[in-house]
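Undergrad: Residues per chain are reported as follows:
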Amino acid sequence: MNQVLNSELEKLTDAILASYDSEPRTRRIDDAFLPSRDRIVELIEEIRQLLFPGFFSQKVLTRENVKFHVGSLLEQIGTHLTDQAAHCLCSDLHRTCDGCIDPGPCHHQAAQIARDFLARIPSIRGRLALDAQAAYDGDPAAKSIAEIIYCYPGFYAVTVHRIAHELLKLGVPLMARIMSEYAHSATGCDIHPGAVIGESFFIDHGTGVVIGETSRIGNHVKIYQGVTLGAKSFPKDERGRVIKGLQRHPTIEDSVTLYANATILGGQTVIGRGVTVAGNTFITESIIADSVVEPHRQEMKVRSKKKP
Amino acid sequence: MNQVLNSELEKLTDAILASYDSEPRTRRIDDAFLPSRDRIVELIEEIRQLLFPGFFSQKVLTRENVKFHVGSLLEQIGTHLTDQAAHCLCSDLHRTCDGCIDPGPCHHQAAQIARDFLARIPSIRGRLALDAQAAYDGDPAAKSIAEIIYCYPGFYAVTVHRIAHELLKLGVPLMARIMSEYAHSATGCDIHPGAVIGESFFIDHGTGVVIGETSRIGNHVKIYQGVTLGAKSFPKDERGRVIKGLQRHPTIEDSVTLYANATILGGQTVIGRGVTVAGNTFITESIIADSVVEPHRQEMKVRSKKKP
Amino acid sequence: MNQVLNSELEKLTDAILASYDSEPRTRRIDDAFLPSRDRIVELIEEIRQLLFPGFFSQKVLTRENVKFHVGSLLEQIGTHLTDQAAHCLCSDLHRTCDGCIDPGPCHHQAAQIARDFLARIPSIRGRLALDAQAAYDGDPAAKSIAEIIYCYPGFYAVTVHRIAHELLKLGVPLMARIMSEYAHSATGCDIHPGAVIGESFFIDHGTGVVIGETSRIGNHVKIYQGVTLGAKSFPKDERGRVIKGLQRHPTIEDSVTLYANATILGGQTVIGRGVTVAGNTFITESIIADSVVEPHRQEMKVRSKKKP
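Residue numbers (our numbering), protein chains in the order written: chain G, 80 to 387; chain V, 80 to 387; chain A, 80 to 387.
Isolated chain G, as found in the complex (with noise of 0.2 Å):
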């Protein structure tokens, strides 16, 4: 290192030290493990392995290996799940047992979350494999149903959403949302893990989704970039604390289309079945069934830049 700095290391560690006494909220030390957010990554890969046969893996897969490839990818996951899970389990952010001094029942029942997510994966492909029938039906400039599962940014965020939506109901929020927000970093799609979507689900384009943690989504719904179901103010206890629990964020019914920017706010608001949206609209109250919802033609002023 470079002298200037080598004469200075003794007080710049000690004003940071102090600063880490003073400031407890952004330290952990003499804490549990976190989990590895570059494991759970990792993880997501796998299982999209096991997802989707043949896509993502180097190797050909035939009649013959498969069988082969399938075992020891499961014991694969199997293993890296159970071990992310009970980190989870343990560590501070979502605590479920008193600090851990044993590791042993996190690391119990992480092995049954790993389990019981395993035995979920032929229903968590049935539904993929809607999302991407509803993918290719829904956008002309489609070629294929491999191309979806390939390359489409939006069917890679509904993927991650419907594996984190189980990691989230068996159990371990923390996974579920590191996952989500991966795919939120590389699609620009921000899923909720909580967010609780029907069969046949589209994004197309997909940067800047956002869907919150208590949106209901029903089937055949389809959204465009730059959509929002958000919240539109936070009720609050006579303390002043907002009250967690409540829906805070919309009811989206069947066959709905929202096109691009629309936002929608609001735990009370419904769109009704079959609704079509257009983009850059602002909703906070509910629309009635098989309506079409636009802005007025005269919002526009046109005028020429020539002189007159």
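No wet-lab data here; the hints were simulated from the structure.
Copies of the same chain are indistinguishable here, so a pair counts whether it falls within one copy or spans any two.
Result set (DSS-like, lysine-lysine): computed pairs, CA atoms no more than 27 Å apart in a straight line:
#1 K90 / K138
#2 K385 / K315
#3 K311 / K248
#4 K311 / K384
#5 K380 / K311
#6 K248 / K222
Since the structure of chain G is provided, determine the placement of chains V and A on it from the hints.
TA: Positioned in the frame of chain G, the structure of chains V and A alone reads:
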């Protein structure tokens, strides 16, 4: 692996294999090898090194070593491009040969594609120099053209589009799509490789930009974050299937500026030469040349929070 | 390499070399070495380890080992920061010395920058603790402050901004810009390092947020996805060149909330203390304190899809 899982491994494997059989859309077993997304992403970086010598390589280029550098880079890109293009041509996604029992024809065609692509490098360089200049002229925060090439995400997205568009025209749409989706992930700009974009094009900030497959953009066009050039509705044939091949996305003529989050939809929509479109507008009809489109001022309501 | 290509290699090489000669804006030959984007991204992660001990490292920190950990991390960061800052100072992009035939002065200045930056770590930590608290208070879905530090993309973007803003002030704008564009790519939040941001700042979801170079933001401001603080037009001098150095972006006073996709433009635009701005609004004039801005209700048109 943990004991619980081991004892159930056989049962889990069988359940998952059964789901592979019952849902063929989401598996590739006994099927041609897919191209490697990772290798195609590396190709983008190799091509950028060729396009912008001295910017992204880890050695200093001089008049003396540059010829050797270019020759060896060309050889490397030629090999990788041929390999991946052959996988694209052979794979089911966009099959061009009959099952590819003999991969020879695919490989021969891929080598020709690689050669044709590399011959276009000088003309791609010419276009990108104009794009970089347009970014410098259009952004007061820009310190130099080098900063734009090195840092600007919008320029990165345009660079990948200029590459992907040529590869699409040369017959490898899957490779083009993988590249454009990578740029989408890295920058938030979703430009379909099919879009036709004129000279001196500048995307500022870029996150949330969507430019659809059949968009046509003139020269000296400037686009800000969140702008969508999208489809309004999809004309269907008598059997209810979307008719492919029609222009579904807008035409933007020369010297147009589209501010943040403008949404412009429809294959019949033409934004005339010299038009300026304000932010957060929603346009589904043509705008005549040399005009300004903006929301009416009275659209906003401002009320005091203070009790009267 | 394939034969077709080999036979043409010489011709291709010459054509590309000729295009390097004819278009100097997009090449760096016989020029100073650029900093390494990859190394600067690693620096961000090393600095985050220093800022948030125990969150991102792969070992458990204890009262006993933390001093050693900090000392060795400081040494590592000091070396890497000095090296990359020297490259930034030497490179053409923001040249501060004359050709840098002797890199000594650049390296000496870079070492001073590294030392000054590290001395600011405790104060950056203090600000980030307030930002994390603001995120926890502002988001009902947040389970703990640790979850925010570990998972929230908006908090990541603010962390990188607090680092990059100091580096800009210390005289390495190119390093600052590379860091902020990396955060932009990872989170969809494009915060220019020059923006001045007060205490307890919270960006929720974050994708599509753009905060321009000359924005000024007060304390306790909350911003949602898709919000733009942008420039309206660029005042030009008598020769038609954009005048640099003026405030082109808005001022946001204390305790303002800006909902999703609000677009606020112009250097003269001041959003007064305590204002709430609804989503999808487009604002180019100042708003007085303690008011609410929202679209008129009649803006939307709802019509039935059913035939009468």
